[in-house]
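Undergrad: Listed below are the residues making up each chain.
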Amino acid sequence: MSGFAPLTDEERAVYEWQIWVPEFGEAGQEKLKNASVLVSRCGGLGSVVAYELAAAGVGKLVIAHAGNVKPSDLNRQLLMTHDWLGKPRVESAERRLKELNPRLEIVAIPENISEENAENIVDQVDLIVDCAPLFTERYAMNRQSVLQKKPLIECAMYDLEAQITTFIPDQTGCLSCLFPHDPPAWKREFPVFGAVSGTVGCMAAMEAIKVLSGLGQPLTNQLLMFDLRDMTFQRNTIQRRADCPVCGK
Amino acid sequence: MKIVVEYTAQVKKAAGLSREEFDINEGSTLQELVKEVAEHHGPSLKSILFPDSVDLHPSILLFVANEQVLWEESVTLEPHHVVTILSPISGG
Numbered sequence: 001m002s003g004f005a006p007l008t009d010e011e012r013a014v015y016e017w018q019i020w021v022p023e024f025g026e027a028g029q030e031k032l033k034n035a036s037v038l039v040s041r042c043g044g045l046g047s048v049v050a051y052e053l054a055a056a057g058v059g060k061l062v063i064a065h066a067g068n069v070k071p072s073d074l075n076r077q078l079l080m081t082h083d084w085l086g087k088p089r090v091e092s093a094e095r096r097l098k099e100l101n102p103r104l105e106i107v108a109i110p111e112n113i114s115e116e117n118a119e120n121i122v123d124q125v126d127l128i129v130d131c132a133p134l135f136t137e138r139y140a141m142n143r144q145s146v147l148q149k150k151p152l153i154e155c156a157m158y159d160l161e162a163q164i165t166t167f168i169p170d171q172t173g174c175l176s177c178l179f180p181h182d183p184p185a186w187k188r189e190f191p192v193f194g195a196v197s198g199t200v201g202c203m204a205a206m207e208a209i210k211v212l213s214g215l216g217q218p219l220t221n222q223l224l225m226f227d228l229r230d231m232t233f234q235r236n237t238i239q240r241r242a243d244c245p246v247c248g249k
Numbered sequence: 001m002k003i004v005v006e007y008t009a010q011v012k013k014a015a016g017l018s019r020e021e022f023d024i025n026e027g028s029t030l031q032e033l034v035k036e037v038a039e040h041h042g043p044s045l046k047s048i049l050f051p052d053s054v055d056l057h058p059s060i061l062l063f064v065a066n067e068q069v070l071w072e073e074s075v076t077l078e079p080h081h082v083v084t085i086l087s088p089i090s091g092g
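Residue numbers (the working numbering), protein chains in the order written: chain A, 1 to 249; chain B, 1 to 92.
Among the hints, erroneous ones may be present.
[To be verified] Below, in silico cross-link-like pairs of lysine-lysine (DSS-like), each with a Cα-Cα straight-line distance of 30 Å or less:
1) A:Lys187 with A:Lys150
2) A:Lys187 with B:Lys46
3) B:Lys35 with A:Lys187
4) A:Lys187 with A:Lys87
5) A:Lys150 with A:Lys249
6) A:Lys70 with B:Lys13
7) A:Lys187 with B:Lys13
8) B:Lys35 with B:Lys13
9) A:Lys31 with A:Lys60
10) A:Lys210 with A:Lys249
11) A:Lys31 with A:Lys149
12) A:Lys249 with A:Lys149
Since the hints were derived computationally from the structure, they do not count as laboratory data. Quick caveat, the model's predicted, so the values are computed rather than measured.
Given the sequences, and given the hints that come with them, work out the whole structure.
TA: Right under this line is the structure:
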């Protein structure tokens, strides 16, 4: 974004409750207003991430998601609606986000991230939230995160479990340090509840807000994993690989 | 000595449970334990952990007492250790 836009009186009123948060305040809200975030894709995770970031007053969202809304999206993809079945997902997402926050600037891209488009799309934002199901998409975003020095928040889910971590170039490792190769048993379609993707999606949105505004301590060099089946939460230290082909020296 | 082993995601599905105890010899290493886990549960878990039969798949993560341990690192287990075997997952 060019220039630094101060808050309007309307924005002070809308964001009053979060401006009250200690160490955030108007300065934090202004940082969100002047920030841009890529959310890819806008499925179970990305819908909630984008919705929370729109609600929080992030100034610009770039959302990338191919395909049309299917019935099986509707248990968790909260930006998709029954009346949009058979129509482009990214249009449904844009429409719902604009309803929530008409001040939001949205770039809606009807494509999934790939090695071909990642450089240009990542170049448009300050931070990336990776909500993609396929490791090829995730590795493409990770590579650009490292090359363009943009923070990358990684969130994932399966069944009633979820994982989340935050990578910051030069301060942490990267996705390829954590998972060097496509995992052997991963399939694009898997069992999950919308309440699970919603839980970790909210956490990812909070991580994005923290990194953009400087609030709190991001989940760097640690992997939070939890299982809502028995409500166990674990925070594990993760390593940077010196021989990583993406971020290693 | 008894060591608690925890599983996540597809590893949990293949093992058929989320945690169990293994009785291993004093001085056993993490690598020895993980190989024993794979043998104990048979082909469904072994094919995820050791697809080439020798080395752990690099995207299967190991944690001992909440610290990541790489497969090539030698760690001797102690009785209070909890070992977690993590399978990567994604969005969707």
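Undergrad: Hint by hint, note whether the structure agrees.
TA: Against the structure, the hints come out as follows:
| no. | hint | verdict |
| --- | --- | --- |
| 1 | A:Lys187 with A:Lys150 | holds (28 Å) |
| 2 | A:Lys187 with B:Lys46 | holds (18 Å) |
| 3 | B:Lys35 with A:Lys187 | holds (25 Å) |
| 4 | A:Lys187 with A:Lys87 | holds (25 Å) |
| 5 | A:Lys150 with A:Lys249 | holds (18 Å) |
| 6 | A:Lys70 with B:Lys13 | holds (27 Å) |
| 7 | A:Lys187 with B:Lys13 | holds (13 Å) |
| 8 | B:Lys35 with B:Lys13 | holds (18 Å) |
| 9 | A:Lys31 with A:Lys60 | holds (12 Å) |
| 10 | A:Lys210 with A:Lys249 | holds (28 Å) |
| 11 | A:Lys31 with A:Lys149 | holds (18 Å) |
| 12 | A:Lys249 with A:Lys149 | holds (15 Å) |
Going through the hint list in order, the structure satisfies each hint without exception.
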